[in-house]
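In the working numbering, the protein residues as written are 1196 to 1376.
Mixed in with the good hints, there may be bad ones.
As the list claims (entries may be wrong) - The list that follows gives simulated cross-link-like pairs (lysine to aspartate or glutamate, EDC-like), each with its CA atoms no further than 16 Å apart:
(1) 1284 to 1317
(2) 1268 to 1300
(3) 1268 to 1317
(4) 1284 to 1255
(5) 1288 to 1249
(6) 1284 to 1249
(7) 1268 to 1249
(8) 1282 to 1234
(9) 1268 to 1236
Unchecked claim - Here are the computed distance ranges between Cβ atoms for each label pair:
(10) 1256 to 1292: 15 to 23 Å
(11) 1252 to 1336: 35 to 43 Å
(12) 1328 to 1230: 23 to 31 Å
(13) 1303 to 1328: 26 to 34 Å
(14) 1221 to 1263: 37 to 45 Å
(15) 1259 to 1221: 31 to 39 Å
None of these hints come from the bench; they were simulated from the model.
Ideal placement from N, C-alpha and C gives every residue a C-beta, glycine not left out.
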Amino acid sequence: TLHHTSLPKNIQNLSLSAIFRLDNTSESLVNTLLSWLKDDDATVRSEAALALGELGQVSEPVVNSLLMRLNDKNSRVRYSSIWALGKLKQRGKTVVSALLTRLNDQNSRVRCLSASVLGKLDQPTQAVVSALVTSLKDQDSDLRCAAATALGQLVDTPRSKDAGILCSQTRLAQPGQSQEE
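When you get a sec, could you build the whole thing from the sequences and use the hints?
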């Protein structure tokens, strides 16, 4: 078992990075990463979430621990946990509900990744579509693009594909403005 607290900080981070390269999904490794999700150091928590996503081992303790980290005070930890849930392709109601909540996160990157993951989960429920449509009106152009792209993934129509192309070519106009302004 890896015990990171006995290692110097630079070695701790190196050992976390090395986990990504391991082809080891043993219960011991998963349990160690789950314990690191509770660490006092936000970098350790963030890297542990990323490692859990990379390992791809889906279990109730993994999903529940990542869901708890969506409320972490550190935005990087929230971002990494969202990424991991997306990588694990978790589509349950609890996960979708938590991602919908993160569309209102104070951090732009967290909001954008939430929208992106919602689009990739292929859960075009009324709540998801409604929240993403609401996000199209947000002041944050990155969130508007992420929401438009997510909607395009959820609703496979020529017009929804156009929204994704528009986002890749230019930022969506501020709400109430045209592209020409």
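Hints, one by one, checked against the model:
{"no.": "1", "hint": "1284 to 1317", "in the structure": "10 Å, holds"}
{"no.": "2", "hint": "1268 to 1300", "in the structure": "11 Å, holds"}
{"no.": "3", "hint": "1268 to 1317", "in the structure": "28 Å, violated"}
{"no.": "4", "hint": "1284 to 1255", "in the structure": "13 Å, holds"}
{"no.": "5", "hint": "1288 to 1249", "in the structure": "22 Å, violated"}
{"no.": "6", "hint": "1284 to 1249", "in the structure": "12 Å, holds"}
{"no.": "7", "hint": "1268 to 1249", "in the structure": "23 Å, violated"}
{"no.": "8", "hint": "1282 to 1234", "in the structure": "22 Å, violated"}
{"no.": "9", "hint": "1268 to 1236", "in the structure": "11 Å, holds"}
{"no.": "10", "hint": "1256 to 1292: 15 to 23 Å", "in the structure": "19 Å, holds"}
{"no.": "11", "hint": "1252 to 1336: 35 to 43 Å", "in the structure": "36 Å, holds"}
{"no.": "12", "hint": "1328 to 1230: 23 to 31 Å", "in the structure": "40 Å, violated"}
{"no.": "13", "hint": "1303 to 1328: 26 to 34 Å", "in the structure": "19 Å, violated"}
{"no.": "14", "hint": "1221 to 1263: 37 to 45 Å", "in the structure": "23 Å, violated"}
{"no.": "15", "hint": "1259 to 1221: 31 to 39 Å", "in the structure": "20 Å, violated"}
The structure is inconsistent with the numbered hints 3, 5, 7, 8, 12, 13, 14 and 15, although it conforms to all the rest.
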